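**Q** Note that my numbering has the sequence shown beginning at 1, numbered continuously upward.
Just so you know, these hints were derived from the structure itself, not from any lab. Heads up, a few of these hints could be off.
Below, simulated DSSO-like cross-link-like pairs (lysine-lysine); rule was C-alpha separation at most 27 Å, straight line [as the list claims (entries may be wrong)]:
no., residue 1, residue 2
1, Lys16, Lys5
2, Lys16, Lys97
3, Lys97, Lys54
Keep in mind that this is a model prediction, so the values were computed, not measured.
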Amino acid sequence: MDPQKMREMLAGIWEKYAPEMEERLAVLEQTCRILGERELSAEERTAAVFAAHKLAGALGTFGRTQGSEISRTLEHRMQGGKSLQAHLAEIRDTVTKLRVIVASRR
């Protein structure tokens with residue numbers, strides 16, 4: 001396949017999945033807002049871990065290795081029973097980096 005057609009095809013696939021990536025980012029941004037007030041409930045934590053996991057996979061599929069690695073690190077940080085409020089600044093910075101990475105592909 002010619003490189004231009006491949007880029008166009010990947011761009012089309014990216015656009016198809018962009019809303020799902022936006023939803024996952026929204027979950028992570030909501031996670032930060034909640035952590036600014038309190039610890040996450042078990043359900044909120046599960047949703048955040050799932051969002052980070054799925055985002056890592058999607059970004060990796062599209063060759064966004066840095067974004068995939070950042071998401072995977074965030075996923076691992078949020079797993080387990082440790083307090084996340086103590087790491088809010090780091091989590092916020094990570095989510096901001098992910099937002100930039102996702103936006104850079106549009």
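**Q** Hint by hint, say whether it matches the structure.
**A** Hint by hint, here is what the structure shows:
1. Lys16 with Lys5: The hint holds at about 17 Å.
2. Lys16 with Lys97: Distance ~22 Å between Lys16 and Lys97 Cα, so the pair holds.
3. Lys97 with Lys54: Given pair Lys97, Lys54 holds - Cα atoms ~16 Å apart, limit 27 Å.
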